[in-house]
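Student: One letter stands for each residue in the lines below.
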Amino acid sequence: MVVFAAAIASGCVQSEKTYQVSFNKKNLRKRILGPDRADQGKNLQFAISTMISPEETVLYYKKIFDYVAIKIDRGYDLVQKNTYSQTNDLFREGALDMAFISSGPYVDLMSTSGAELLAVPVVDGKVTYHSYIIVPEGSSARSIADLEGGSFAFVDPLSTTGRYYPISQVQALGRSPGEFFGRYLYSYSNTASIGLVRDGDVDGAAVNSLIFDFLAMNDPGLKSEVRIIGVSQPFGNPPIVVHASMPEELKERLREALFSMHKDPEGRRVLRNLNMQRFTGVDDSLYDSVRMLFESVDSYESNPGAGAE
Amino acid sequence: MRSIYAKLMFFSLGGTFLLALCFTVVVHYRHKQNLSDELQRRGGILSTGIAMSSQKAMLTSDTSRIKFIVDLYSRVDPDIVYVVIVNARGEIVYHTFDGGFPADLAPLLHEHSRKSILLETEDGFVRNIPTPIFGGRAGVSHLGLSEQRIRAQVLRNQAVTIYIVLFITFAGVAVLTLLSRSVTSPINEVITAAGKFGAGDYSMRLPVRSNDETGQLARAFNAMADELQLHHREIVQTEKLAAIGRLSSAVAHEINNPLMGVQNACRIIKSDSGLNPKSLEYLELIEESLGKMERIVRGLLLTSRERDSGKRDFAMEQAAAKAVALARHAADRKRIAIRENMPESGCVVHGAPERFEQVVLNLLLNAVDAAPAGSVINVSASCGHGTEFAILHVEDQGPGIPAPVLEHIFEPFYTTKEPGVGTGLGLYVCYEIVSEMQGRIEVATGPEQGTAFHVYIPLARERTPSADDGHGHIAG
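Heads up: the sequence lines are chains U and W, in that order. All residue numbers for the first sequence refer to the numbering used here, where the first residue is 1 and numbers rise by one. All residue numbers for the second sequence refer to the numbering used here, where the first residue is 310 and numbers rise by one.
Chain W extracted, bound-state conformation (with noise of 0.2 Å):
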């Protein structure tokens, strides 16, 4: 009895069978007893008929009157087996059997001459029905009637009780198994979605069919799939990012050191005097290639080696001013406006505000960069009441990032930009900062709609100080 299916099935039938069980027994237990009280009903009328009409004829000895009126009610009714007359002395007066008198009747009828007893013949069971003539003083009328009639009437309505109660039990079994699948197989559809989806298919979803509880589950089922979906995504591109950032540091340190010294042999080589032109021309293209992978390398350190160097509480707009003063030139030479909103009051950050500085500098980049010439770029902060955050928002008017690449843009060396011109580094730089601050960048991005990046810091005040090292959020 595992199932929710078995047991509704169990406990239904078994109750519906119960009641069409006890419905069966009293219905014929009443139908046998009105029968049986009907016949007996039926047979004192006709004894007492007897009785009385004989009463005048057995006092007068009219033995042909009393035959004449046995005769006359023993055609009235067909269940009338016998009637037998006998007088105050007990003598049998008249009796109605074909070619003598039942030798074992007699001694019966003389001791139950007032009450019915019921006879077990040849033609089956006989109820004996005696009325006194004239209280006795005249004599005692016997009636014998055939029972068999009504018992055969009550095994034909026990066999329509019988169909009936299987039909109902029956349409109980059917009614009841198309109401169990209703409820059931929703619930079947859950289990098997439910262990799709623990397989690894989060796009599995239910369908909703109807408003009542399976529906709601259906619903309900969808809601989960979709907010596990989420997190799950998010959870992996954290990680992601995570193990990136380590390797990449890793590399970096490891390749800081050669190269510093590969540029301070290149540096001694080229003070020397005695090279040729076209050798000197070898190694500015050499000294110019160091530099470009001494930027990488420094860019990549950035998220690791200063991460817990020069921490203290600043006023957020205040970094972000000198960012958008540096942007700024950037932004001149394509015509593009910066437009800046920043609070009057202090939104105080924790953390180091250089790092953050470079966080809006590269973002403003960006923007720069994807926004068309002539466009405007609007940047503000805010960290109202009620909010546990201080909010930097970025936004342009560029073509926006399409859905493939949004997924990645703050992977390290992920670029979309020409070659040499970006590191790839930009975005993953702002990430790793953020999340350092225990903060979270947001991207609202659609086709022809700009492009908005919100950074959100936690305000000093509402800082957690012991989760200095955990990473942050990304949503895109």
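Next comes chain U alone, as it looks inside the complex (with noise of 0.2 Å):
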């Protein structure tokens, strides 16, 4: 009888609806199963170099992709990596069709070509952005000099804002990273980095203004706890590039599309959500304060105390 029970209690909990799934009768041979490549033929492949966490990038920039898709009328794929340098590279392999990339990435794309500037965004009324120098609130530093001896977060090694200009202002103490900082890392994200300095786990960092300017937009109290002791010379936004080997006819709609997309309610709508006003062209000469920021970087740092002052 007791028995009995415990066979109702058992049966009380088993009421569960079950599946009958066999391991043994196996269908499929390879253990990583990649997505469909006939299916990635039909797909445009768009990337976002990760100016902010690929998270972000997927609820902010993608807005745009899925926008210029539904009017150019083509399905794609977005790609994200987790350096600027891994998407230069699949953009160079040919993997990808276009890309909104920061401006350093841009500088090293186009030294190597393969690629064509297709579009700027205009915010603020211009086309150009700074690199901020980024403490902790609490922080005594009033300009980057003060921070020799501490921890200093860069964003990815090819990011303008980042990393050149912050290495610029130390070289021209006539110092290396590596001497001046205590000790520095990458964080491979704006949002990343802006994270580091307000958690006050680094003393400082270099990060995108249009970024912190977009994240302290949707979230005051990041002013308050973080500090802008330095802001750069302008550089050139960060543009969308396209393929060069792509038929001049999609690039003509794709340049379309988004220059025409403040004309637009729901164009203006992402517009506004990513705090710019539209897309425009620009020459490539507009990157040219990033190109010689980045020689004077990279000669100094073969040629150590040559150009210090």
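For the record, the hints were derived by calculation from the structure and aren't laboratory data. Quick reminder that beta carbons are idealized off the backbone N, C-alpha and C, glycines included. There's no promise every hint is true.
[To be verified] Capping the alpha-carbon separation at 25 Å, the derived lysine-lysine pairs in PhoX-like fashion look like this: (1) U/Lys25 <-> W/Lys587; (2) W/Lys643 <-> W/Lys726; (3) U/Lys126 <-> U/Lys223; (4) U/Lys17 <-> U/Lys223; (5) U/Lys251 <-> U/Lys126; (6) W/Lys424 <-> U/Lys26; (7) W/Lys601 <-> W/Lys587; (8) U/Lys25 <-> U/Lys42; (9) U/Lys63 <-> U/Lys126; (10) U/Lys251 <-> U/Lys62; (11) U/Lys17 <-> W/Lys601; (12) W/Lys376 <-> U/Lys26.
[To be verified] Residues of chain U placed beyond 12 Å of chain W at every Cβ, according to the derived structure: (13) Ser53; (14) Pro54; (15) Lys62; (16) Thr83; (17) Thr87; (18) Met110; (19) Thr128; (20) Pro157; (21) Ser176; (22) Asn218; (23) Gln233; (24) Arg272; (25) Asn273; (26) Leu274; (27) Asn275.
Combine the two chains into a complex, taking the hints into account.
Tutor: Written out as structure tokens, the structure reads:
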């Protein structure tokens, strides 16, 4: 009778539906099942380099590609990589059709050709942005010179605002980053660098002003926890580039979709959410200031002390 | 179910068993539920961990990173059967099955990407716990968690619970058996004792072992047995005396007339002067014996013949005083003093005063016979307020009456005196007369303590007139 009762009790719990599955009948030989290549042929491959985290990219920047894809009536796959150079490598290999990349990677990509400048966002009426040197609110630092011996976060080895600019400032003090900072690291995204400063995990960082202002707009608390102690000269805004081998007709349709985005209510809404007014075409010379910065920093690194003041 | 023992066992055991049963069912159900919840929770944590760790890798299509994360998690918990990572387009990005992906599983994972389901496989029950990666934008992580271990644990605990229940039940049986035996065995003793008592063993008594209810029961039984034994003895004695009385009267009646005739004849022969001296001597011997027979017959007739004649209200103490006067002569001869203590006011009783005198006289003469020379016999009467009886006390300082004798003192022809000295009718006559007056006689005696007779006669005002011929009581 006890056993009977126990059987009733187990019956109560086992009332859940079960599904018959055989683990022995297998029909696929590969362990890693990648995306279907045939399907990839139809879709365009759009990349966004990780100026912000991959998650935030999906939430914000992806909206631009969604809009454009609908306008040109083509499917696309969003491609994200961990570093700027990984994205650039894919681009060089011809695996990407279009990419929204930062100014540093643009300069790097153009140096080996294969890319073509398509459009640049206009933010606050300008097509340029800056590097912000930021420290935690409680820091006593007034300039990057005060961060000597402290810890510092760079964004990416190819980042204009996140690496080249602060290094140029350190070099101006006659030092290399390795000598100047007690410790430095790469966060691989502007939001990660801002987070490190905000949480006090590093003493300072250099970040993209567009990203910082955008985040500050959505999170008013940010400016009370993070202080800007340096602003760089202007650099050309991160551009959208297409692969040089892309058919002219498609390039034209993409350009048209981007340039007319602000005239369309849906496009305007997407732009406004990203704190952008519109997309415009610019000359490659807009990025000369970036090139000069790269040249100066790279030459100092190959010949330390030569450019010291 | 005739015995209390059986009832006690049935209901207590039934109760114990039902309680134990409820306990088992509840504990088992709760335990199983807890383990199931715990598995679900653990699976949720692991699946969420995989989903969150692989979020960035999924967004950046970093398959090697996904493999690293999944393989790492797979080793964390031995219950993990598989991990499957599916991208936002529903394509399987990575899985941990060796040698291919189970064909049946793919459609199930596709269909149940939000809610956990239970799979029945060759390896037992496996719970599939899906967790969306980055809100589903980056895909879904499916975790397969084996339920075999917790099912085995449930079975083990079920066995333990059943053992506990069986133990409780058996322990309950043992305790209840002891308990109910402690209750029913005294009851059974009472039943046995009552049976023996009923069959005539009036000496049957129960041992009193405790002060609880069973002890009280034994005590109550013993008190009842004492009372019954006493009453039984009295009834037997009363019946015996009544039967002997009837027989004696009948015999006395039958003998009386021929005796008269023989005495007359004897007298006539004696008046003949021509008898030689030897014959005359024999005649006198015959007359003497006849006189003795006549005294016996008269004594016996006294108890019946005049029963209903000469009854009236009279003062008991006066009748007693007359008897004392008659006895004084015999007492003086033995230098025994009779001390009288009679009340001032009359103790009026109903009956034949002459017969009551006989009672007092018989008691006094017995006392004189028993008492040593120079001793004192006290005679007193009382009928104080609040009593329904006039009481006469006759107390001597003799050796007392031994217990074996005491039982028979009121029987006719029973005597301890020398043959020829007493008829054995004295106390029998007392008993008959007192009974006729609806009274009773009590005897208090002990070795070297003397003997006291207490005669209780209902006061005239208290008497029940209709119960004239009822028999009284004797108390030893």
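Student: Going by Cβ atoms, does U/Asn273 stay more than 12 Å from chain W at every point?
Tutor: holds (17 Å)
Student: Would you check whether the claim that U/Leu274 is not at the interface survives, using Cβ distances to chain W and the 12 Å cut-off?
Tutor: Non-interface label stands for U/Leu274: nearest chain W Cβ at 18 Å, farther than 12 Å.
Student: Is the nearest Cβ of chain W still more than 12 Å from the Cβ of U/Ser53?
Tutor: violated (7 Å)
Student: Straight-line Cα separation of U/Lys25 and U/Lys42 no greater than 25 Å?
Tutor: violated (33 Å)
Student: Against chain W, does U/Asn275 hold up as non-interface, every C-beta pair farther apart than 12 Å?
Tutor: holds (22 Å)
Student: Classify the label on U/Arg272 as holds or violated, using whether its beta-carbon is more than 12 Å from each beta-carbon of chain W.
Tutor: holds (22 Å)
Student: Is the hinted pair W/Lys601 and W/Lys587 satisfied, with a Cα-Cα distance of at most 25 Å?
Tutor: holds (22 Å)
Student: Would the non-interface assignment of U/Pro54 survive a Cβ cutoff of 12 Å against chain W?
Tutor: violated (4 Å)
Student: If I take the minimum Cβ distance from U/Thr83 to any residue of chain W, is it greater than 12 Å?
Tutor: Nearest chain W Cβ is 9 Å from U/Thr83, so the label is violated.
Student: Next pair to validate is U/Lys25 with W/Lys587; report whether the Cα-Cα distance is within 25 Å.
Tutor: It is violated: about 152 Å lies between the C-alpha atoms, which goes past 25 Å.
Student: Measure nothing beyond the straight line between the CA atoms of W/Lys643 and W/Lys726; if it is 25 Å or shorter, mark the hint as holding.
Tutor: The given pair, whose Cα atoms are some 17 Å apart, holds under the 25 Å limit.
Student: Given the hinted pair U/Lys63 and U/Lys126, is their Cα-Cα distance within 25 Å?
Tutor: Distance ~21 Å between U/Lys63 and U/Lys126 Cα, so the pair holds.
Violated hints, in rising order: 1, 4, 8, 11, 13, 14, 15, 16, 17; the structure is consistent with all others.
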